[in-house]
Amino acid sequence: MTADNELQIKDAFQRAQKAHNNKAKLVASLKNRYVKLEDKSEFHEEFLRCMKYAMIIYTREPAVENVIDFVVKFTVSFETPVTEEEEVEDDSDDEGSFLNFLLNFLLESHTASSHAVRFRVCQLINKLLGSLSENAQIDDEICERIHEAMLIRVTDKYPNVRIQAALAMARLQDPNDPECPTIKAYMLLLDNDSNAEVRRAVLSCIAPSAQTLAKIYKRTRDVKDKVRKLAYQVMAEKVHIRALTIAQRVSLLQQGLNDSADSVKEVVKLSLLPAWLRLLQDDVLQLLHRLDVENCADTAVSALHALFSTATNPDDLLQQGAQLDERKLIPVDALTCENVLYWRSLCEFVKAKGDEGEEFLEKLLPEPAIFAEYLYSYLKSIPLLTEEQRADMGQLELVMTKEFIGQQLILLVGCLDTTEEGGRKRVLTVLQEMLLLPNTPLSLIGQLVQKLVGILRDDQQRIAVVAEIISDVREPMVPILESENDNEKRKKQVKLAEMKVCIMECKQELEECISHEDFARAAELKESIAQLEERRKCLELEPDHTKEQRVEKSQVSGPECSRILSSVDFMKNDPETLLKCLTMCSELLKQMNINRRICPTITAIIESLILPSVSNANPAVRNMAVVCLGTVALHSKDLANTHLVLLLQITQLDEPKIRISALRALIDQLLLNGLRILQAKPSELLDSDRPVEEEESPVQNILKMLSEFLDSEICELRTETAEGLAKLMYCGRIVSAKLLSRLVLLWYNPVTEEDQRLRHCLGVFLQLYARESRTHQECVEESFLPTMRTLFNAPATSPLSEIDSSNVAELFIELTRPSGLLQPVQGASVHDSLAVRVCNEVLRDPDAPEVRLYCKTLGSLEISNEPGPANQELQQLLTEILQEVKDKYCVRALEKVLNQLKGSSRSKAAAQDAVLTAVDDNASEAVNEDETKPKRARRGQRKTTAAKVPKKSELKGHSDESDEENVPETPPPSVRPSRRAKAAALDKTKQDLTLLMNREASS
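Using the numbering used here, you'd call the opening residue of the sequence shown number 3 and step up by one each time.
Check the hints yourself; a few may be wrong.
With a Cα cut of at most 35 Å, we get these calculated DSBU-like pairs of lysine-lysine [said to hold, decoys possible]:
| id | residue 1 | residue 2 |
| --- | --- | --- |
| 1 | K159 | K20 |
| 2 | K427 | K539 |
| 3 | K639 | K740 |
| 4 | K54 | K159 |
| 5 | K186 | K228 |
| 6 | K365 | K226 |
| 7 | K890 | K159 |
| 8 | K539 | K493 |
| 9 | K12 | K42 |
| 10 | K592 | K502 |
| 11 | K186 | K159 |
| 12 | K502 | K427 |
| 13 | K186 | K75 |
| 14 | K240 | K217 |
| 15 | K904 | K890 |
| 16 | K491 | K528 |
| 17 | K27 | K54 |
| 18 | K27 | K129 |
| 19 | K502 | K404 |
| 20 | K12 | K129 |
| 21 | K353 | K382 |
| 22 | K890 | K858 |
| 23 | K365 | K427 |
Simulated DEER-style distance windows between Cβ atoms [to be verified]:
| id | residue 1 | residue 2 | range |
| --- | --- | --- | --- |
| 24 | K20 | E136 | 25 to 33 Å |
| 25 | E519 | A796 | 54 to 62 Å |
| 26 | D318 | D176 | 40 to 48 Å |
| 27 | T644 | K497 | 28 to 36 Å |
| 28 | K497 | I372 | 41 to 49 Å |
| 29 | T421 | A522 | 49 to 57 Å |
| 30 | I58 | K33 | 24 to 32 Å |
| 31 | I372 | T644 | 43 to 51 Å |
| 32 | E710 | T431 | 17 to 25 Å |
Simulated from the structure, these hints should not be mistaken for laboratory data. Please read all numbers here as calculations on a predicted model, not as lab measurements. C-beta: ideal position from N, C-alpha, C; glycine also.
Let the hints inform the model, and build the full structure from the sequences given.
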């Protein structure tokens, strides 16, 4: 090759480094020179020599990237389209073509020891394959070699190499082949690769198929928000909505719209939902149908609100789903689950805008009175099924659909304007009538009561209205034949009612006298109550001629109805009626002010409805009665003290669902009134707001019972107990290191691996609890050694033996770190006292196998090195341990801590890093071998969830982009430079390959 030709190649590479040069001209010029050559071997050698200078640079320098792009463009310029292949004469066969030559060289270099070379090889192969046209052809043998090489490189130690290898295989995958090695490699990376950028790269190029869809879907729950965002984009752009199951569609929307990252929410709102709508011809109702709104109404409402927020024309929203008539109502025969949910969501969305949406809301809803009649007419049409009809799934589904529509219509009541008195009264009347209807489904009772008490603004009025409804439901007026003694019977009932009222008033006054210590008046009232009770009994024992005329509802039918002249009450105690009344009572109690005392009306409901229902044979009735009892007990400490024993018995003896309801009531009571209510007299209950120590036997019994529930085989009961204990400890009602240790072990226990609610609850609790105060950190410190002893002493058959004890120790270190407190305190830190505890534990048995872990823990603690008695004591303990311990690793670790305490010149961070040096050195070989394999966390091992502040050394040493090689360290300037200084500094730091090329040429 001539010198002129050599300069031409070298000059092309030098000029290609500059971004402003026209690479197309450089490619054309070099290609002309290449075509004219008869012997191309020297050209190949010189080309490779120049290209190698770029391949040894790992950092993404602009000059190097420009050279890589130039090489790719030059190589691809020799590609001949397949359609013209027959007409163009090939100057050489395929094996001698420049593309095959370059690919052969790259494939021979992919096993280089330098990760920079491996990275550039994969990058070049990726860019070459990506730049070739769709109908380009490559030799089969080379294609197989590329495939094999890239399958090896996707397991490379360095993330950037794996990224480029994964991208290079994008055109080599076959989604239709279930045994495709590329697809298998992609799925393995998605599941096991620890680097988020690698997972993103795989997501960007993996082809969706029946085999890969589950893996792509799983990445929507990735720990990194960038990966989740890209996964949602892939689902929106490449996956049809019909390819997903209903559960997957609902899960995607539910998690995406509630994601912690705003970027993920935006992708779901602006990409996923519009993409699904386009696939369904912009039919919102069809989209709701695909989501099965009957079973996921909340998710569907969130999705609709997201669509409404992006709409530009409000009138389009009115015409898309809610087809209202001239009355501003959907015709009853046209009501479906989808259009009524759309109507309700649109009304709620517009109402939430306040005055801004008031005008548009008037177009969506009629007057309150008109809507009330519309709702009443629809609820009356819901049939009441018999037991035989319930066995027919068709009829049952029809009724369930009607109930769902009725539920949405009831929720629309909250959007009505009830400020006008006439419309408000009509709505109240209709709601009361609907509660009295016998065919109103039980599932709608709670919502009807919520809307009723929401319109009523006074607690006393709410109690009176709901109590009257409950009375009418339980004691309906049943028609009977007229009696000659009807007037006498009414007089007797009036007298009995007056006596009951007098007795209740006297009892209420008696309680007030006792609370005010007016015992003289209390004695008089007690005698009056006894006399009134005696008179009531005598009146009830008088002969009643009308008693024979009290009939059951089923007895009045047929021809007898024509002779009906009057009516009388009778008590209904069937499960359906009791459930209906208890549900109304429960909703009323939830809406009452917590500071409101129990009135005589509520007392009567407790005695006549709630307490008798607790012992009912029907489990659903018992469960609702327990809920009501627990709720009403929150309004009165005396009432809570009276029935607390009953709740404790129910938590241990009844069915699981009822036990859980009783446990919730018990936890709520302890949160409100404290643990002293378990043993306090009424006069002592006022002093029960402080944390209770554990010396008192009643408290010990309660804690023992709750501790036993943590071992329960009933998953829901165990979870509810753990959540309740977490609340009590966080609020300061319980201070117990033993219980905290139990909760930590429960969080790590492999048995609870599938209980996501339990794990999430405890994970959040431990972080918040430790950060709240120094007292909480001291409790965590006290629970450290009991937890570790439990793990070390666990038998091999116990699930606790599978837990990684070092991971647990790291958790305690992070939870007790002084920098983690929301309000840092002065003085000795918790880590100082924890170090003393650990040292004493080591001295108990210096030869125990767990001593190594304790020494590692000591090195990880932030121990103060300020001189003082505590420092001297800790130094003395460490000196004693050094005399007893013989293990070399332990000795080195303890010496480092001792030097730190003695005021060594090393910083805290350096000393803490040095403790782990021995472990890192011993394990470095294993790490280098295993990092190319997908890692799987040991069962029972969890990442420390407490907020961890990385060390400066870790931040400098970690970089996905550079991987610690060829990275120039440029400290940040202290003064902001001028623009000219910036340009000069930038030119100096740019990588320039010309010097390297000239140096080699001169040598």
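Check each numbered hint against the structure and report the violated ones by number, ascending. Checked against the structure, the hints that fail are numbers 2, 6, 19 and 32, while the rest are satisfied.
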